[in-house]
Amino acid sequence: MKLSNKTKELFERAHKLQPDLKHEEVVSLWEYNLDREAPRGLTDGFVLITDSTLTVYENGEIALCEPMTNVKEFRFQSGVGCVFAEYVNQSGESFLISRASSSHKTRIATAIKAANHYLLFGSHAFEKYFPAANVCPKCGRAYRQGSETCLNCIDTKRAAKRLWGVAKPYKWLIFASMALFVFISLLGLITPILTEHLTDEFILSETPDQISPLMYLVVIGNILLVQLASRGLSSVRNWTLVIAGNKVVHRLRGIVFDKIQRLSIARISKRTAGELMNRVSQDTSRIRMFIVNQIPRLLEQLLLFLVVGIAFFIYDWRLALLVVLPTPLIALAFSLFRGIMGKLFRRSWERSAQSNAVLHDIFSGIRVVKSYGTEKRESKRFEDYALAEKNTQLKIETKWAYINPLLQFLISFGEFFILFYAGNAILGGEMTLGEMSKFSSYAGMLYTPLQFLAGFPRQLMMAKTSITKVFEIIDEPEDIKDADNAQDIQIKGAVSLKNVTFGYDESVDVLRNINLEIKPGEFIGLVGKSGTGKSTLINLVMRMYDVDEGSVSIDGVDIRDISQESLRSQIGVVLQETFLFNGSIYQNIAYAKKDATREEVIAAAKAAGAHSFIIRLTDGYDTWVGEKGNNLSGGEKQRIAIARALLHNPKLLILDEATASLDTETEKQIQESLAKLSHERTTIAIAHRLSTLRNATRLVVLDKGRIVEIGTHDELIEKHGIYYNLVMAQREMSKMA
Amino acid sequence: MTPMMMGGPGGPRGGRPGGFGGPGGPGGRKPVKENPNSVQISKDNAKFMMKNGFLFMACPKDAEPCRVHLHRDFPFDNPWSYISVLSTDNTELAFMQSVDLFDGEDKELIVRELERKYYTPSIKKILSVKDRFGFSYWDVETESGKVTFTLQDTFKSISRAGDNKLFFSDVDGNRFVIEDVEALDRKSHKKIELYL
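Chains as they are written, first to last, in our numbering: chain A, 1 to 737; chain B, 1 to 196.
A hint or two may mislead.
Claimed, not checked - Taking CB as the label site, the calculated pair distances span: (1) Asp180/B with Ala388/A: 18 to 24 angstroms; (2) Thr623/A with Asp180/B: 54 to 60 angstroms; (3) Lys61/B with Gln261/A: 57 to 63 angstroms; (4) Asp180/B with Phe382/A: 26 to 32 angstroms.
Unchecked claim - Distance condition first, Cα-Cα at most 27 angstroms in a straight line; then the derived DSSO-like pairs of lysine-lysine: (5) Lys190/B with Lys390/A; (6) Lys165/B with Lys343/A; (7) Lys704/A with Lys519/A; (8) Lys190/B with Lys146/B; (9) Lys190/B with Lys395/A; (10) Lys380/A with Lys395/A; (11) Lys399/A with Lys191/B.
What the hints assert, rightly or not - Covered stretches of chain B, as calculated for chain A (at least 3 residues, CB under 8 angstroms): (12) 47 to 57; (13) 119 to 126; (14) 143 to 155; (15) 162 to 175.
What the hints contain is simulated information worked out from the structure, not anything from laboratory work.
Glycine included, each C-beta is placed from N, C-alpha and C at the ideal position.
Could you put the whole structure together from the sequences, leaning on the hints where they help?
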């Protein structure tokens with residue numbers, strides 16, 4: 001048996017507690033850390049379940065011992081911040097087994113599943129529930145189901161390395177810009193030499209009559225040439241920078257956008273649209289600035305500092321010392337302020353994200369705001385956030401305003417020394433005026449890098465915040481991936497669910513042991529009270545989530561082995577809430593099939609009962625529908641969505657309360673047109689209005705996550721079960737109306 | 001079964017379940033059934049007791065006791081008022097305006113049960129906070145010793161209740177609380193300042 005280290009550890013503990021324990025007798029085992037009674041008490045607890053007994057040890061003593069023949073079921077329960085385990089005996093009475101902090105949640109939930117598996121099937125399923133790979137090798141914690149990343153030990157690779165990965169395809173462009181940066185600064189070194197020459201040999205010449213005008217022109221011309229070359233090369237450098245920058249940001253945006261698209265619904269819905277937009281547009285731009293502007297400049301400036309510094313030392317080491325004297329002080333100041341500024345920038349980012357999110361929230365809900373007349377309150381809410389953002393920004397700017405002049409002063413402090421030293425040297429005749437002008441130019445060059453470095457922490461922090469945000473998205477694990485050998489299949493429409501168990505959270509099963517065989521062409525109606533798992537079942541068939549246990553297959557192929565693109569392109573979905581993209585009605589219907597002809601679109605619209613109202617619109621199919629299709633009624637939008645779903649003639653059609661917002665007359669129309677087509681396709685429909693499902697070949701009634709009744713309308717009415725009650729309740733309602 | 005923990009980022013699937021199902025999507029939250037017969041309880045008409053490690057309620061007092069779960073309706077703002085008493089299948093059996101409507105052993109049991117279900121160690125000192133790539137790693141001292149925990153999306157994992165009370169929900173679903181952030185020592189306060 002291949003076990004994780006943590007599980008091996010548990011076994012060792014079990015052996016210590018029960019020396020004669022045999023490995024194969026163990027059904028399940030777990031540790032727990034909270035006292036069962038005292039709310040805040042800690043304990044060292046251990047639960048061991050074998051073929052024969054359930055034993056609970058607390059601080060080394062046996063706290064509970066129960067023969068397995070008395071146990072009917074183990075149960076897991078979430079508290080808040082803690083989890084409970086209990087067992088039910090043969091007479092249905094429950095007993096508390098353990099209480100543990102939520103860190104133990106996954107492990108205990110799994111252990112209980114293993115124990116129940118044994119009670120249900122009489123066979124051990126240790127490997128299934130305690131697989132070696134299910135635990136983080138670093139910290140020994142169990143992974144969350146469907147995830148292979150340990151959130152506690154997530155690999156946070158160095159930012160630089162990650163960024164390089166993004167910039168790598170354009171490395172030659174970036175190298176070229178860097179080389180140009182360096183070359184241009186080296187050119188800058190020549191000018192002071194020429195100026196020195198000009199000053200000492202020509203301007204301050206002691207024998208002015210001997211100066212050859214030609215030589216003078218040559219020197220002047222050289223200065224001009226250097227300037228020209230430097231400006232020209234700068235243009236080229238700017239050009240390479242723009243190209244490299246845009247390519248980097250384009251690629252980065254592509255990566256982030258693709259990643260967001262690949263994430264599962266569960267993960268995407270954790271973030272607001274505004275937040276995601278921020279990351280795709282703003283943060284990537286900042287990263288571009290950093291990669292193509294800041295980094296090459298940093299290298300350039302460092303190099304310049306080095307070269308000028310060395311030159312300085314060769315010319316006059318005492319002078320050089322004077323110039324570099326303030327540097328340690330500056331370095332100290334940098335490291336001090338970096339921390340402060342970093343925190344402030346991080347907070348500023350959060351604040352601006354918050355106020356953007358509020359803005360987005362208010363505008364999306366503008367109808368509600370208007371209808372409740374709460375404009376003033378919302379203005380206030382936004383103002384508060386804007387104020388918080390302003391205050392943080394102000395804090396940054398004022399801090400910067402204090403810090404920056406101080407740093408600048410420190411940096412240029414050395415220039416006073418030069419003036420003093422050089423002045424003395426000239427008066428003493430040891431230095432010429434030309435030399436002094438050269439030195440002070442060089443000193444300026446030495447200080448430019450330092451000044452740049454003073455501003456660099458700010459850039460670095462801004463970039464780092466953005467990098468963090470972007471990589472947070474990029475690093476988000478994908479829960480639903482295509483298998484390596486995922487195949488494209490032509491769906492015929494047979495859907496089969498075998499022993500399907502699923503929960504959005506590992507501790508609560510929303511669907512339990514679902515078995516359902518749907519034949520091609522069947523119309524299945526899913527019925528049940530809200531919260532019984534109908535939508536969840538549909539989500540599983542579309543593979544929005546992966547099942548925890550059992551399998552969903554289409555035409556006999558497990559959907560985890562079908563490529564997601566192939567699967568979803570052959571499923572038509574209409575949800576209760578529709579979304580119309582910015583575009584014409586035609587574009588919205590044709591969304592489902594890129595190469596649809598006008599005839600096909602019209603046919604689909606007719607089948608969906610949308611054609612008649614579309615042709616009454618002035619612009620017909622070219623009518624522009626806004627972001628939410630605000631100029632259409634709910635029913636009209638719904639019919640467009642149905643047309644969209646019908647357009648690519650899916651072999652599997654899923655209707656989740658699709659016709660709920662339509663009046664019964666229109667619904668009937670659509671039902672009929674759907675019925676005409678339905679022999680060619682499998683339909684799974686959820687509806688609370690049971691009349692919607694009158695054409696269903698079979699009705700599946702769900703209750704508390706289990707299938708409780710299956711049959712035709714007549715069969716189920718005869719049965720006088722849950723369906724019968726639902727029908728009767730609705731009849732009562734319609735009588736009242 | 002108790003309703004799921006409220007909100008909080010939780011694990012990959014935690015946080016906001018339901019997703020695709022639109023407003024009808026129930027997600028991982030088990031619906032609490034509306035019960036028109038839910039009664040207001042106080043020491044006059046209800047009695048609590050422990051059995052097999054669970055809380056039982058008799059209401060009216062001479063009725064057969066049944067196992068119940070206590071659920072805070074406003075866990076952040078009003079932890080000791082507005083308590084729903086749920087049956088094991090999540091129907092609200094009774095409603096407790098405040099734990100103060102009970103006294104003696106009953107009140108003791110209720111308070112203990114709430115504290116037992118809402119396990120929220122109180123943070124006394126923040127030793128270190130490391131922020132890396134959207135995750136933050138916290139080293140803290142709670143009333144029951146040193147604890148390390150991880151927050152994903154730090155700002156969203158810290159909820160504010162009132163002016164100075166902070167609730168933390170870590171990646172595993174553990175809860176922590178800082179009762180009064182202003183009462184923290186200066187060093188600790190400096191470490192959390194950024195997230196306020």
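Each hint, compared with the structure:
no.: 1; hint: Asp180/B with Ala388/A: 18 to 24 angstroms; in the structure: 22 angstroms, holds
no.: 2; hint: Thr623/A with Asp180/B: 54 to 60 angstroms; in the structure: 59 angstroms, holds
no.: 3; hint: Lys61/B with Gln261/A: 57 to 63 angstroms; in the structure: 59 angstroms, holds
no.: 4; hint: Asp180/B with Phe382/A: 26 to 32 angstroms; in the structure: 29 angstroms, holds
no.: 5; hint: Lys190/B with Lys390/A; in the structure: 22 angstroms, holds
no.: 6; hint: Lys165/B with Lys343/A; in the structure: 22 angstroms, holds
no.: 7; hint: Lys704/A with Lys519/A; in the structure: 25 angstroms, holds
no.: 8; hint: Lys190/B with Lys146/B; in the structure: 19 angstroms, holds
no.: 9; hint: Lys190/B with Lys395/A; in the structure: 16 angstroms, holds
no.: 10; hint: Lys380/A with Lys395/A; in the structure: 22 angstroms, holds
no.: 11; hint: Lys399/A with Lys191/B; in the structure: 19 angstroms, holds
no.: 12; hint: 47 to 57; in the structure: holds (count 3)
no.: 13; hint: 119 to 126; in the structure: holds (count 3)
no.: 14; hint: 143 to 155; in the structure: holds (count 7)
no.: 15; hint: 162 to 175; in the structure: holds (count 6)
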